[in-house]
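With chain A fixed as given, assemble chain B with the ligands onto it according to the hints.
Protein chains in written order, with numbering that gives the first Met the number 0: chain A, 0 to 288; chain B, 0 to 279.
Certain hints may be false.
Listed next, the in silico DSS-like pairs over lysine-lysine satisfying Cα-Cα at most 27 Å (straight line) [said to hold, decoys possible]:
id	chain 1	residue 1	chain 2	residue 2
1	A	256	B	179
2	A	179	B	52
3	B	52	B	77
4	A	256	B	128
5	B	77	A	179
6	A	179	B	21
7	A	221	B	77
Calculated directly from the structure, the hints in this document are not laboratory data.
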Amino acid sequence: MTDPILETRNLTYTYAPKTANEVTAIREISVAIERGTLVGIIGHTGSGKSTLIEHFNGLKKATSGVVLLDGRDIWENKKEIRQVRFRVGVCFQYPEYQLFEETVYKDVAFGPKNMGLSEEEIDRRVREVLSFVGLEERYLELSPFDLSGGEKRRVAIAGIMAMEPQVLVLDEPCAGLDPKGRATVLAMIENYQKTTGSTVVVVSHSMEDIASIADRILVMNKAGLAFFGTVEEVFSHAEALVAMGLDIPQMTQLCLKLRARGFDLPETFYTVEQAHGAILACLKKEGTA
Amino acid sequence: MNDYIQFQNVTFAYEIEGEAPKPVLKDFSLNVYAGEFVAVLGHNGCGKSTVAKLCNGIELPQKGKVLVDGLDTADEEKLLTIRQRVGMVFQNPDNQIVATIVEDDVAFGPENLGVDPSEIRRRVDDALKRVDMYDFRRFEPHNLSGGQKQRVAIAGVIAMQPACIVLDEPTAMLDPRGRKDVMETVKMLNREHGITVVLITHYMDEAAQADRVVVMDHGKVLLDGTPRQVFARGETLKQAGLDVPQATALAALLQRDGLDVPADVLTVDELADAIAAAKR
Ligand SMILES: Nc1ncnc2c1ncn2[C@@H]1O[C@H](COP(=O)(O)OP(=O)(O)OP(=O)(O)O)[C@@H](O)[C@H]1O
Ligand SMILES: Nc1ncnc2c1ncn2[C@@H]1O[C@H](COP(=O)(O)OP(=O)(O)OP(=O)(O)O)[C@@H](O)[C@H]1O
Ligand SMILES: [Mg+2]
Ligand SMILES: [Mg+2]
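Chain A with its partners taken away, still in its complex shape:
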């Protein structure tokens, strides 16, 4: 199966080149993201995740290397970068960087408006997407700056989703959300991928969240690409991940601990649901439960 929608080839980006503060934040990154998949990105603090995804829609221009969208260099024609930004929507790590309009309504309507959609269509999308992220009608006329941290996050995600991009890129979408909001947003992301067939890229520090939604996981380490594979492949490298400042999901830790105590658990589990099924099956087989 290779039908990549987004591809990077030898992507390198250096901040403040030729100064004392020069930092190469990503180095020679080549990855191909398959159409319609959900890719999770993990990596230690400062490993280059945000820098990488800001290249996907041309918010940053690589020092060297290229980004291909549907096989075409996104910078091939500079005038088309605007179109690229409608097709690849990037939601920032800090929602504060993205919210600037007077009201929540205007903020979420900003993207669709830029795309030149009709008033009715904009209105439909704004209302739909806000209820999707769990914000009631009364928020529409509030200033985004007067919201709590988690409320701002929801508005920022809604603003990108309202553009209905082909590739939805979210940097830490669940940071600062309460558990219910976290579950809602994760379900919403999966739902967006399944119903629209869009491609989704999610950056997260939560191994549990990534394990529960991703088809493939990309691991960044010190500006380089460490792993890119299925959930199973990536989380089989427990020691390497821990050495990089990462971890394996809590339920996977449990799986390894139980195996070490002689439990026969042929399939590794990653979520509470999977753990529940696997442990019951194991105990049944041994005649305990």
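Same frame as chain A, but now just chain B with the ligands:
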């Protein structure tokens, strides 16, 4: 036990132009005891950050009182003392960073307290090492990644050595090791230096490490107890937009299936022990 921070029947509303104030906190009372480590949980918008801002007089109650070590936050003359005693780590580190070089930023707090320069040097180095940012001491904070900024903000408050630290979602942007390090540092400051800690978090497994968990819901205290007591109330927590740690959730499922595991396990280790014991 002595009270360190007291919220006495506090009512608080933000002023929004052209709108009737809608109280975020209504007749809210809470005592934080000297030397304890308390975690505060609650749904988005329930008022946690507001509580934090009331702790050192950034906001003042419209009704009721907030006392810090017996000092009223509404008493302007006491405000400086209060801010020396209660250090804050804000939800967004950008709101906290004041200097253009990382180490100056960390030194800012102790400098303001009039700490001796050589002592400042020692504290800054120590604090930066604790959060694993020593190598970045000469960097400009605005050039750091999200998690790196958050670590600098935490170093800043450690260097102040206040009697009490209020941390508003300090680990929201940190990698797994960073989260562990912050939790270890917070516990160390609490246990070894007797610093009172108020930790606001959305991570249930972090709250499980505190001495006490306070659960807020729409500006009120919904639950208040030890982590085991609070996380035994899975249904109530879910209704309030919260959850229990994953290990606790799995224990409850297994128990429902008739397996002999206690429902109040909090960690993966405890759960592994319990499942192994149930098998025998
Ligand atoms: N504006 C900037 N100027 C100079 N260096 C920067 C800038 N932004 C980021 N960096 C550096 O680039 C590296 C990668 O940063 P990036 O923000 O991509 O990391 P990240 O993986 O997203 O981290 P986090 O998990 O903390 O968000 C870091 O070492 C950081 O210090
Ligand atoms: N500056 C402000 N002006 C007006 N209203 C505000 C302001 N800050 C917060 N609010 C409102 O007050 C309520 C409580 O906000 P607060 O920031 O204390 O919530 P929180 O519990 O910290 O939420 P979160 O988990 O999302 O950070 C929210 O409904 C929010 O919209
Ligand atoms: Mg980042
Ligand atoms: Mg808050």
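Here's how the hints hold up against the structure:
1. Taken as a hint, the residue 256 of chain A and residue 179 of chain B pair is honoured in the structure, with Cα atoms around 19 Å apart against an allowance of 27 Å.
2. Between residue 179 of chain A and residue 52 of chain B the alpha-carbon distance is near 24 Å, which keeps this suggested pair within the 27 Å criterion.
3. For the given pair, residue 52 of chain B sits about 16 Å from residue 77 of chain B by alpha-carbon distance, which is consistent with the 27 Å threshold.
4. Between residue 256 of chain A and residue 128 of chain B the CA atoms are separated by roughly 32 Å; this puts the pair beyond 27 Å, and the hint is violated.
5. About 40 Å separates the Cα atoms of residue 77 of chain B and residue 179 of chain A, which puts this hinted pair outside 27 Å; it is violated.
6. Proposed proximity of residue 179 of chain A and residue 21 of chain B is supported: the alpha carbons are some 24 Å apart, at most 27 Å.
7. Distance restraint check for residue 221 of chain A and residue 77 of chain B: the Cα-Cα separation of roughly 47 Å exceeds the 27 Å cut-off, and the hinted pair is therefore not satisfied.
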